[in-house]
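All chains should be modelled from the sequences, with the hints used to inform the complete structure.
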Amino acid sequence: MNDRQSWMGAFSEVLGKFSKKTHEFETMSLAGTLPVSESWSEKEIEEQKPVTRYIRNILKNYSENIDESGTYDHISGNIKHLRTDFKAKIRTEDLDAIIQELHPTPAVCGMPKEFCKESIQKLEKFPRELYAGYIKIETEDTVHYFVNLRCAKLYQNAVHVFVGGGITAQSNPEKEWTETELKSEAVVKNLVVL
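Using full-length UniProt numbering, read the sequence shown as starting at 1 and increasing by one per residue.
It is possible that some hints are incorrect.
In silico lysine-lysine, DSS-like type, Cα no more than 25 Å apart, as pairs [stated by the list, open to error]:
1. LYS20 <-> LYS60
2. LYS117 <-> LYS89
3. LYS175 <-> LYS125
4. LYS87 <-> LYS21
5. LYS21 <-> LYS89
6. LYS87 <-> LYS113
7. LYS49 <-> LYS153
Keep in mind that the hints were calculated from the coordinates and are not lab data.
Structure, rendered in C-alpha cells:
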C-alpha cells in the first residue's frame, strides 16, 4: 500500500468470476465454519441457507437459467465451510450491478442488509479498513472478485490480523471466538519472522 504498510490476504470466498468469452458468471455461497474434523450442526446449516437464498434471488434478476450445485464441504486449511456454487450466463453490462448487489453478502454483513450495515458501522469499535471488502483482478479473458476475508495489515514491526465470524441466534460466543482464532491461522501461518 505504501512504504510503511501493506496488506495480505488468504481468500476462500470468490464473490464472482466472469468469463469475457462465454459470459458465464460464477459465484458461491460460503458460510458456516468448523474445524475439519467436526460434524455440521443445525447452527452452521442455518447460517449458510440465507446466503444461498440471497445469491439465488439476485441472480434471478439477471439470468433465466441458473445452475446451482448442492451444498458441500469447502476445505480451507484447518477449517471447512458449507458451500453452494452458482453459474449463470449474464450480459457483460450487468456485471458491475451484480457485484454491487451481491456485496456484502449476508455471510459478511447479515440480514436485512441495510439495517445490518448501519448497525455494524454504529456498534463496531474498530475500523474494518479493507477487511470484508473485495479485490478485483482482471485479465484478458476473465474478471475475478475475491472477498477480502482472513487478511492482515502489515507494518514494519507488527501485523494486524482481520477475521470474523457468522453470528446467528444459535451462536455460542466461546465457539465463535475459537472459530476466529482458527481463521486467523490461515493468515499467521504465512508470515515469516526474520
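- Task: For the pair supplied as a hint, LYS175 and LYS125, confirm whether the alpha-carbon distance does not exceed 25 Å.
- Result: 21 Å, holds
- Item | Given hint LYS153 paired with LYS49 - CA-CA distance at most 25 Å | 31 Å, violated
- Message: Between the alpha carbons of LYS117 and LYS89, is the straight-line distance 25 Å or under?
- Response: 30 Å, violated
- Given the hint that LYS87 pairs with LYS21, test it: the Cα-Cα distance must not exceed 25 Å. Judged against 25 Å, a Cα distance of about 15 Å means the pair holds.
- Message: With the threshold set at 25 Å, check whether the alpha-carbon distance from LYS20 to LYS60 stays at or below it.
- Response: Status holds; Cα separation ~20 Å.
- Query: Between LYS87 and LYS113, does the CA-CA distance stay at or below 25 Å?
  - Reply: Holds: LYS87 and LYS113 sit about 23 Å apart, inside 25 Å.
- Has the given pair, LYS21 with LYS89, been kept, meaning a C-alpha gap of at most 25 Å? 11 Å, holds
In summary, the numbered hints that this structure violates are 2, 7.
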